[in-house]
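Asks: Residue numbers (the working numbering), protein chains in the order written: chain A, 1 to 415; chain B, 1 to 300.
Quick caveat, the hints were computed from the structure, so don't treat them as lab data.
Any given hint might turn out to be false.
[Stated by the list, open to error] The following label-pair restraints were derived from C-beta to C-beta distances:
1) A/V33 to B/K117: 49 to 55 Å
2) B/Q130 to A/E363: 49 to 55 Å
3) A/N216 to B/Q180: 33 to 39 Å
4) B/A57 to A/L31: 55 to 61 Å
5) A/A20 to B/P66: 41 to 47 Å
6) A/M314 to B/P66: 39 to 45 Å
7) B/E106 to A/E363: 53 to 59 Å
8) A/W324 to B/V17: 46 to 52 Å
9) A/A255 to B/E131: 35 to 41 Å
10) A/V33 to B/E131: 34 to 40 Å
11) B/Q130 to A/V33: 32 to 38 Å
12) A/W324 to B/Q130: 34 to 40 Å
13) B/Q180 to A/A20: 30 to 36 Å
Beta carbons are placed, not taken as given, at the ideal position from N, Cα and C, and that holds for glycine.
Spelled out, the chains give:
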Amino acid sequence: MRNVLLIAKREYLEQIRGRAFKFSTVLLPLLIVAMLGANYFTGRDAGAVKHLAIAADSAPLAEAIRRQLLDDKDAKFTVEAVAPATRQDRDALVKLVQSKAIDGLLALETSANGAATATYTSQSSGDFMTAERLKYALNRGLLQERLTAGGLKPAQADALMKQVTIETLQVNKQGKEAKSDGLASFYKAVAMLLLITMPILLYGMDMARSIVEEKNSRIFEVMLAVARPDDLLAGKLIGVGGVGITQIAIWVAAAALLAGPALGANLLSGNFSLHFSWTEGLLFPLYFLLGFFLYSAFFSGLAATCETAQELQMYMPLAAVPVWLSCGLLPVILGNPNSAWAIAASLFPPTAAFVMIPRMGLEMPPLWQFGASIGLMVLSIWGVLWFSSRLYRVGILMYGKRATLPELLRWLRYS
Amino acid sequence: MPVVELAGVSKAYENKVAVSDLSLSIEAGQMFGLLGPNGAGKTSSIRMMMGITIPDAGSIRLFEKPFERQSLERVGYLPEERGLYKKMKVLDQLVFFGCLHGLSAEEARKRATAWAKRMEIAETLDKKTQELSKGMQQKIQFISTLLHDPGLIVMDEPFSGLDPVNAVLVEQTLLELKSQGKAIVFSTHRMDQVEKLCDSICLIDKGQAVLSGNLREIKSRYERNRVIVEFEGSSAFLNSGEVAETKNYSGHAEIKLKPRGDAQKLLHEAAAAATIYRFELVEPSLEEIFIQTVGGKADA
């Protein structure tokens, strides 16, 4: 055990003193903030400053839709209404769309029985956000026109159609309610997913890379004369895992110091509806460690069979598969954090850490799911360590060529 | 007292026999040379001695006890494939290895500083290993092998990469350690160093010990039919009817006499042709014994 701790301490100190640790500690959160910020602002500004034209048979309907579009606070439209519009007017407006003089044309035709058909012409087929906004404005405009056509005054129609906003509340296990914001929860879930994914992959790959480097520098022969291969592997895992935990602790402390007072004031005033709990604070590092041990143990075994960093690189896409799976499941988790898929992915060891963490951010899963996912991860780590330590014991002393599959199977049998 | 004993040790990798039924014993205060051509099984034998690989058959005893990892704290090992942590500072590295061998950090630091002075690399202690030359790194590795004052020192090719000045420094250190009662095992291709330093040898070929024992005794088994001549003048005497083979290095010749060749007659012929500074009748060199024993296939 003394040697394990000595090896862990050496790994820890070498990494902590390294430039890569300092850069990643500063740059990784900045990168995540930049990504989320870019996502937020591009999302908010999507469809902004669009110059649209409405061509309709009915002037009041065209005007009602124009007002609806101009009232949309999340989008900045300049809208021109042409009503009543002739065939020539419509053709002329389509030409304006072609020449990019305007961004789009909403053309409405009302049949004799009052049924309306609408077409939207633009040069971009993928602008679904503008199409959704137009659909909303069109239906509200039609409704208003029909209400006024039925005898209501415009003010009465407006009063009838006045929108009600929904305040979202999140209730905790103790029955206490707190303000919640769907968008903030979404960003929190994504941020937590990124914060757990990136260090696990980063340190897992770093561990694998350092094994290949040490194999090439022939340090293992010296180390094996004083320590067992299992002690070497355990020391490396503990040391590098400690670096990851230190980095997470620095991020949490920095976030508390920098954002704490401002966040606290906003939470008290109810302006910012985001909740963090102690449970999340404890389970986040725990899931980081479990995820890190699982991935690092797996890649350590593989790294011991590689001769060069390039060979190792071939295996790296394997690491990304569970991450892609977890990211792909994010919309399902956001829609229903307790769906069967979300529960299955939080119990499946390779995706458990990546799914459980964003789930926690949305709604605290039941205790049995934590117990089952942690238990399954521990069992998997044990299994992967058994497999990897056997490859590691033989692989670190094998030089000169990449091991073939039959050779790997023999290594597993021998050691 | 045997410090290390191998009894009937064998090791095979897949279809290749690396070591077969090897037995040897090394005493305290003895310098032991493990010789053999490339791929003969020297490194495999050393790896088993160090517990890096486990023998398929036979037994290994260290310090009069069956092999146990605890005993390795009393062993210093310098492998053929040198390895140091490149980004670590030299002193930190030496302290780390000292601690792995059971020293306290403070004691390891004290000893590392003293050894660095002795090996004339004190100025490198604060530098990163990757900043140093290969020879310097070799000396650091040498220190890390000796830092914990081991009773058994195992060195695989300890002189490779060293210039003549540093090779002498390492030789002197090894002789001093031997005089302190340490058992030293080293494998090398440098026969001149084995002749100079070793008390006993074991020559391995194809995994088997083909020649072993006290170096003087082994050499005395061979007839004194070699002549070393240092001369100035004509080398015509090298074509004498007494001579079987010669190696002539301009003024220095190594001659193998024919069976029943007359050394005195050769001396007269040489004196008539050239000025003779040295004429010495000797046993065959270890290199000749090596080549003869492994069937001329050695690449040493």
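Asks: Check the structure against each numbered hint from earlier and tell me which ones fail, lowest number first.
Replies: Checked against the structure, the only hint that fails is number 13, while the rest are satisfied.
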